[in-house]
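Engineer: The residues making up each chain are set out below.
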Amino acid sequence: GNSVTQMEGPVTLSEEAFLTINCTYTATGYPSLFWYVQYPGEGLQLLLKATKADDKGSNKGFEATYRKETTSFHLEKGSVQVSDSAVYFCALTRIQGAQKLVFGQGTRLTINP
Amino acid sequence: DAGVTQSPTHLIKTRGQQVTLRCSPKSGHDTVSWYQQALGQGPQFIFQYYEEEERQRGNFPDRFSGHQFPNYSSELNVNALLLGDSALYLCASSLVGQLYNEQFFGPGTRLTVL
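Those protein sequences? They're chains Y and X, same order as listed.
Number 39 in our numbering belongs to position 39 of the first sequence; there are no gaps in the numbering.
Number 70 in our numbering belongs to position 70 of the second sequence; there are no gaps in the numbering.
In case anyone wonders, no lab produced these hints; they're calculated from the structure.
For every residue, glycine included, the Cβ atom is placed at its ideal position computed from N, Cα and C.
Relax, there's no trap hidden among the hints.
Some residues of chain X that are not near chain Y, with every Cβ distance over 12 Å (derived): (1) S27; (2) D62; (3) R63; (4) S73; (5) A80.
Some chain X residues near chain Y, calculated using beta-carbon distances under 8 Å: (6) S33; (7) G42; (8) P43; (9) F45; (10) Q48; (11) Q56; (12) G58; (13) L90; (14) E102; (15) Q103; (16) F105; (17) G106; (18) P107; (19) G108.
Required output: the full structure, derived from the provided sequences and hints.
Structural biologist: Structure (structure tokens):
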């Protein structure tokens, strides 16, 4: 079946540090890939997405590239801010139709000033 | 443009009781999915409703049931509550036919079972 494995947390960085959160997936066919972010006490917000191999999703300085050969979708940001502190979830779904999202276990990120 | 709304925000029940959670989708959306997020875990898919029918179901027992109304809003019902049902319940809406299935999430209902 489809599954997502994320880098275990928590991750603690200093402001302006470089961020990488690893995500690998197992899926039949060619899924769409997503990163969602959850701020304390809130629901999930879509951060970025990629729908086919070699696509790069980007938003708010975050980037992730859909790597079919390594089945990965690692999240990166060049210079993190305190406001980036949140829990980050990697997820996948089938491309067509309103199908279910399969999530990783989440990575808690804390940025210290 | 109203996003996905859920009610109530918090709920406390005791074992064996029944609970109903409600969700209104984002304007223009016709599909509602429900997820259970246990503490420290990623959300797990419960089921999805489209055209007032359950379209897809995850690995949850029959104690979990739902409904979708003609205005696309939805309810999640859980019977015979167990301690393990304590979680954040998230509702997500989407539009059938979207190529990449972008789902918009509500703030969730936090259910505590004592």
